[in-house]
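Chains as they are written, first to last, in the numbering used here: chain A, 1 to 389; chain B, 1 to 441.
Hints are supplied without guarantee of correctness; some may be wrong.
[Claimed, not checked] Some, not all, of what chain B presents toward chain A, calculated at C-beta under 8 Å:
1) 22
2) 23
3) 24
4) 128
5) 277
6) 281
[To be verified] Computed list of chain A residues with no C-beta within reach of chain B, every gap over 10 Å:
7) 122
8) 224
9) 286
10) 337
11) 376
Worth flagging that the hints you see were computed from the coordinates, not collected in a lab. Even for Gly, the Cβ is constructed at its ideal location relative to N, Cα and C.
Listed here are the chains, written in short residue letters.
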Amino acid sequence: MAIRREAMGGAAFCRLKEAYDGRKAVLRRWKSGGKKVVGLMGYDIPEEILLAAGLLPFRITGYYGGERASAEKYLEYSFGSVWKGLWESLTSDYEGLIERVVFCSSSDMFLKLFYYLRALGGLEPERRLPEMLYLDFELTQKTFKTQERNERELRDLIAAAERWSGNAVSAQDLRAAIALCSEYRRALRAFNALRGPERCTVTGSEALTVIGGSMFMEKREATDCLRRVTEEARKWPDAPGVRVYYAGSVQETTEVYELAEQAGCNIAGEDHDMGRRMFDTDVDERLEPVSALAERLIKRMPVSEKGSIRARVRSLGRELDEVRPDAFITFMNNNDEAYVWDYPSVKAELLEKRGIPDIVVQKQSWPLMEPQALRTQLEALAQRAKEAK
Amino acid sequence: MPENKSYETRSVKRLEATKAASAYQKEWFKTLRPRVEAGEPFALVCADAPMEILRAMDIPFVVYQWWTAICAAKQLSGKMYGFLRDAGYRDDICSYCSTAYACALDPHPEEGPWGGLPEPSIIITQSECSIMGKIENLMAEAYENAEQYVMQRYYEPVVTERWFDKAFDDYKLLSSGRRLDFFERELRDLIAFLEQKTGRMFDMNRLRQVMDYVNEQDHWYRETRDLIAKTRPAPVTVTDTVNAVMQAQWQRGTKWAAEHAKSLYEEVKYRAENNMPAVPNERIRLMWIGRGLWFNLAFYNHFEEKYGAAFIWTMYLGLAADAYGRLGYEDNPLRALGTRFSMITDFLHMPPWNSEWFLKEARHNMIDGVVILTSENCMNNGDFYYNIVKTLEDNGFPVCLLRADPADAKKWNQETMTAAVEELIERRIEPKLKNGKDVRE
Ligand code: SF4
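Isolated chain A, as found in the complex (with noise of 0.2 Å):
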């Protein structure tokens, strides 16, 4: 199964999947209708800061057209799929359509592509690689001393984004920004919310398709859209399948959920930001804006890489009360491992406690090097998670 009759028959659905699977269309429809568009490296960069300057946010995401020539060239074995995926849009793919691109520490490989790219600029000087800023935002520990850093680095990019875009920010346009996201995150939740345990209209791989769509569109019509495809889901068919929560490596396009869905599983959430984390926590609108993007990146799920192990299990007991799985998933590309080291405490203080059914795959790539093995595991998981209820 991939994705259904049902909801391609919806226009709000087909717009979304349309934005999805032509990213970079969309870049260059932005860029032609004269827009000042900056790229996001990294998975918690507040787009709030880019929309109030009048910039456009735009998301980067691997290149999967085919062979990553760039990234072969350039990049270590060490680098995982996606890592490489994003190099070759950068290098590659994308090179000349982005001018500015935004980085930030949501994994330690985005200090590696940003120090690779700045050292590339000097061993390539004719190439037109973006302007770039880093952002290195801490994202483990939880204390006054993280919120005071993390509010600097947003300053920093404030006075960027004023560079860029000519304009001054103000308090009132940071809270008109950031009223704009938390209605679309809200528009995000109430999507999401069909693939909740009582009834679940979605599969995986619509969820991925319009919550990744959506982000390749400007806010307010990804609002809207957003509404409008929540209306159209609620008509869909339940989702067949067990529900399986997905922790790990973060899924850019729904190869891996189609695959699940083809195997008897159903991913109805995931801990990555193609999926739940991007719209999990709400900038409090009461604070100063500041200090309050700052402060939602302290309160964001916590990913493997920049969790601590303790907070990885509180925040994964948290999402399993929330979406009820039946069975569990953890994915590893090979290089993107964190995971590993979490494993046996949420094995054992999560899914034996509640006899939640796992599997545990690694060493994965992209393409799929063994897509029929994948299924073949998954197909015993959709079982034994059958057995078990």
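Using the hints, position chain B with the ligand against chain A.
Coordinates of chain B with the ligand only, in the frame set by chain A:
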């Protein structure tokens, strides 16, 4: 039980300084256990941690990556990673940083090297790699009385060219003001934590003394490195220097370590002055970039007889010579120290700091060819090798890349690795030397 290998793993050791360093470490360990058992604080730290602060507060510590090296050299890696596997972790990942955690799972820790690792009360996280912090989470859980203290990191927005010309003489040029401020504050926070945890008061003058010893130690390493660099054939090879330097670096900032560095220099000098080459038929000088091959140091000696090829350079002595000393620190030792511990990763692993330095060292040491070990199961392994290889090759230094795990012998393939280095020698270096295109000229 140590593992048996079908190839020779023990290297040639010529120097008294190497033996003295091992003997000192063993003795130090012997005294450490009773101190810890009597209730003294004891810290486990990663290689990037600001050890000088611990030294100044007289808090003993073990750098757990160096502990990995000791376990690997004693052929204990297989046993250690077995404990990880039994506890549900992967035994083929992050081996360089997970040995100390494996020790915590060992039901008989006293059977480890030198009587085993005592139970730490403090674990300091200070690394460019976030995974290390997670492994340290586990250590802190496994060692009942251990508390993990996490230091924050900060990237460097400014690239300083030729860092090695500035580090010693004018450290303030190394880093942006923001980063200098940042790490000074991190050190002050660490001090506050340690004071609270141990009940000991930090003394800035004691730190100054530690910094003086470090400068002295560094001075002798520079002299030693320079002497090896200019002497052909070289009086020693890396199998003489890696252990001598690493173990003394562990005691960095002590009188013993400074004196040991001096004794190392004097021994090397004696050999140089008395025509005692390490490899009498030396024709080819090789550079080893990457972590040391601890479980198989004999690999470095393997090419001596057949080719007259001597490995004479590793980062252990090179970095000790260029990266640790700081002049003019007196007014604010914390600020100077900040540029030391926070930048080692940049110097070694980040472009363009690393490639620039490797090129300078290759030239300085009259190197003929370079072998780079890329650590197989380290997610953080990425030094922009493309850039390093290009920089070296463009300047006439042929390079060969080996992909292996420096801590775990399981996956090591002696035959393939030997063949790769032999190919470098036979196909790249020898024809060059024959054609008279000696890169050193
Ligand atoms: S990724 Fe590399 S540096 Fe990080 S913990 Fe693992 S082995 Fe150590």
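Since residue 122 of chain A was said not to touch the interface, does its Cβ keep a gap of more than 10 Å from each Cβ of chain B? Its Cβ does come within 10 Å of chain B, the nearest being 6 Å, so this is violated.
Residue hint residue 23 of chain B, partner chain A, criterion CB-CB below 8 Å: Since chain A brings no Cβ nearer than about 36 Å to residue 23 of chain B, farther than 8 Å, the hint is violated.
Evaluate the condition: distance from the CB of residue 286 of chain A to the nearest CB of chain B exceeds 10 Å. 28 Å, holds
Take the shortest C-beta to C-beta distance between residue 281 of chain B and chain A; is it under 8 Å? 35 Å, violated
Reported absence of residue 376 of chain A from the contact zone with chain B (all CB gaps over 10 Å): Residue 376 of chain A is indeed farther than 10 Å from all Cβ atoms of chain B, at 21 Å.
Least C-beta distance between residue 337 of chain A and chain B, which was stated to exceed 10 Å: Its Cβ does come within 10 Å of chain B, the nearest being 6 Å, so this is violated.
Verdict on residue 224 of chain A as a residue remote from chain B, using beta-carbon distances over 10 Å: 38 Å, holds
Restraint: residue 128 of chain B near chain A, CB-CB cut 8 Å. Satisfied or not? 7 Å, holds
Identify whether the interface hint at residue 24 of chain B stands, where standing means a beta carbon of chain A within less than 8 Å of its own. 34 Å, violated
Close enough to count: is the Cβ of residue 22 of chain B nearer than 8 Å to one in chain A? Violated. Min distance 32 Å.
Return the status of the interface hint for residue 277 of chain B: holds when the least beta-carbon distance to chain A is below 8 Å, violated otherwise. 36 Å, violated
Figure legend: structure checked against the earlier numbered hints; hints not met, in rising order: 1, 2, 3, 5, 6, 7 and 10.
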